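Asker: Chain residues, written in single-letter form:
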Amino acid sequence: MSINNAIEFNNVQKIYYLHINIGFKELLLHPIKYKREKRKRTLIAINDITFSIKKGESFGLTGPNGSGKSTILGLIAGVLKPDCGIIKTNGRIAPLLELGAGFHPELTGRENIMLNSIILGMTKKKAEKKIDEIIEFSELGDFIEQPIRTYSTGMLARLGFSVAVYIDPEVLLVDEILAVGDENFQKKCIDKMMSFKNKGVTIVFVSHSMAQVHEICDRVARMEKGKLLSIENT
Amino acid sequence: MNKKSAIYYVDLITILTKKEIKIRYKNSVLGYLWSIANPLMNAIIYYFVFKIIMKFNIKDYTLFLISALFPWQWILNSIMGGANSFVGNASLIKKVIFPRHFLPLAQVLNDAFHFIVSIPVIIVFLLYYHKAPSIDWFIYLPLMLIPTFLMVYGFSLLVASLNIFFRDIQYLVGIIMALLFYITPVLYSISFIPKKYKNLVLINPFTPLIINWRDIFMHNHINLANYALTVLYSVVVIVIGFAVYKKLQVRFAEVI
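Those sequence lines, one after another, are chains A and B. Residue numbers for the first sequence follow this note's numbering, beginning at 1 and rising by one. Residue numbers for the second sequence follow this note's numbering, beginning at 1001 and rising by one.
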């Protein structure tokens, strides 16, 4: 792959098998029908997609629900494997987790930060060094010692975002997380993303809000039904 | 590409296991007592039913029971809890690439920890029956902890992976474990079993394992043939567990 690129997709296709929701009962009772159904019920989540994202670029993905945006993020993160085509990535990739993903409600904010930082790839030593900064950025104050089941949705979002921005990624994946949190914090997140951008971090940003996409991204891809309709400069 | 150091993996498994242990103790003053209350309560019930009512002729029956119930508790909790360890962390599996087999591993290590800290309770019962732990335990315990861990982890990985594809598995596991409990010599001695059914009990991978644990706790002794069988079963189970996990895990994120 070109050394200037952070992410390359070449003719990538991803198919979901919907049989999985048919369940165990069908497998036991109608094994033949099950096999047949399995082959029939597929969904092409993304179809023959080719694009590349340059290092340091901010790339927006927009499109209606089910158009394949999150599938692309999953493929970049490596949690999904493509059925066809080649995906190449370059650099440390970190996803921005959705609300409370990987958090445990009974643990305190501080404990959850440690847990999440390590799951996202920090060593314990590094996480301990960064934890004060993370807490400060989250603006949670004394709440940080409380179990997070007592947190509001907005507070959870802050906690999640704060961890993600401190893992020091080279490629940051953002999936519509900015829809939550108060306006103040949203602004802070955008500022933080801008500062990431200025530091040369590659950002892949999925959003419904065109305003946010235009504010942050250099290029925007529009998707529909698994196809890439266009890529435009903003 | 994202090569991580061994230190990182140690950190990850440590924090995941600590999390499991912490959660169990949060909000409960009697934390430690709760984890031993269950097998102890069961021991009392079985003692009443089988010793007092059915008049089983087994010496030191309470000790006989708990020396098998405690390891059984580890097996049961890890496999039942393990079944949910992927499904319960769906959001992580969908977004973050990390060694997913660490999730059931943390569960198994948590239960292993609880088993180890419950050994003093067994010692108390030993003393009550005028027996004593032996210095040999320092060899015997690790010798058994390892195959028990492998077997439990193998089963956990297996049911956790399958549970992503068929959610019915977690209910099935409950039933199968209840069944296995009665065809494992926990409540009775293997010598009680009619010849006709002996193979059925021996083919159960938990049978030699439980017999070994009881032999150590009650008689400071390991039967070599039994031990060899335990090791064999545990290796087979962990290999199958990992093979199934490896095969299925590529599709975890899209199915979950």
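If you're looking for bench data, these hints aren't it; they were derived computationally from the structure. Take these hints with a grain of salt, some might be off.
Straight-line alpha carbon distances no greater than 30 Å define the calculated DSSO-like cross-link-like pairs of lysine-lysine that follow [as the list claims (entries may be wrong)]:
1) B:1196 with A:25
2) A:125 with B:1022
3) A:192 with B:1004
4) A:197 with A:187
5) A:192 with A:88
6) B:1004 with A:126
7) B:1022 with A:129
8) A:54 with B:1004
9) B:1026 with A:199
10) B:1022 with A:124
11) A:126 with B:1018
12) A:124 with B:1004
13) B:1196 with B:1055
14) A:129 with B:1004
15) B:1198 with B:1051
16) A:124 with B:1026
17) B:1026 with A:33
Over 10 Å on every C-beta distance to chain A, these chain B residues come out as not near it, computed from the model [what the hints assert, rightly or not]:
18) 1007
19) 1033
20) 1089
21) 1119
22) 1130
23) 1134
24) 1168
25) 1189
26) 1192
27) 1193
28) 1218
29) 1253
On a predicted model such as this, the values are computed, not experimentally measured, just so you know. Glycine included, every Cβ here is placed at the ideal spot set by N, Cα and C.
Asker: None of the hints should be skipped; say for each whether it holds.
Answerer: For each hint, the structure was consulted:
1. B:1196 with A:25: 33 Å, violated
2. A:125 with B:1022: Distance of about 20 Å is within 30 Å: holds.
3. A:192 with B:1004: Since the Cα atoms of residue 192 of chain A and residue 1004 of chain B sit roughly 27 Å apart, the hinted pair holds (cutoff 30 Å).
4. A:197 with A:187: Distance of about 15 Å is within 30 Å: holds.
5. A:192 with A:88: Holds - the C-alpha atoms of residue 88 of chain A and residue 192 of chain A are around 27 Å apart, at most 30 Å.
6. B:1004 with A:126: It holds: about 14 Å lies between the C-alpha atoms, which stays within 30 Å.
7. B:1022 with A:129: 22 Å, holds
8. A:54 with B:1004: 25 Å, holds
9. B:1026 with A:199: 41 Å, violated
10. B:1022 with A:124: At roughly 17 Å apart (the allowed maximum being 30 Å), residue 124 of chain A and residue 1022 of chain B satisfy the hint.
11. A:126 with B:1018: 18 Å, holds
12. A:124 with B:1004: 13 Å, holds
13. B:1196 with B:1055: Holds, at roughly 24 Å.
14. A:129 with B:1004: 19 Å, holds
15. B:1198 with B:1051: 23 Å, holds
16. A:124 with B:1026: 22 Å, holds
17. B:1026 with A:33: Given pair residue 1026 of chain B, residue 33 of chain A is violated - Cα atoms ~48 Å apart, limit 30 Å.
18. 1007: Given that some Cβ of chain A is not farther than 10 Å from that of residue 1007 of chain B, nearest at about 6 Å, it is violated.
19. 1033: 19 Å, holds
20. 1089: Violated, because the least Cβ-Cβ distance between residue 1089 of chain B and chain A comes to about 7 Å, which does not exceed 10 Å.
21. 1119: 27 Å, holds
22. 1130: At roughly 43 Å from the nearest Cβ of chain A, residue 1130 of chain B sits farther out than 10 Å, so the non-interface label holds.
23. 1134: 38 Å, holds
24. 1168: 4 Å, violated
25. 1189: The claim holds: residue 1189 of chain B sits with its nearest Cβ about 37 Å from chain A, beyond 10 Å.
26. 1192: 35 Å, holds
27. 1193: For residue 1193 of chain B, whose nearest Cβ neighbour in chain A is about 31 Å away, the distance exceeds 10 Å, so it holds.
28. 1218: Per Cβ check, residue 1218 of chain B is outside 10 Å of chain A; nearest 38 Å; holds.
29. 1253: 4 Å, violated
Hint compliance for this structure: hints 1, 9, 17, 18, 20, 24 and 29 are not met, and every other hint is.
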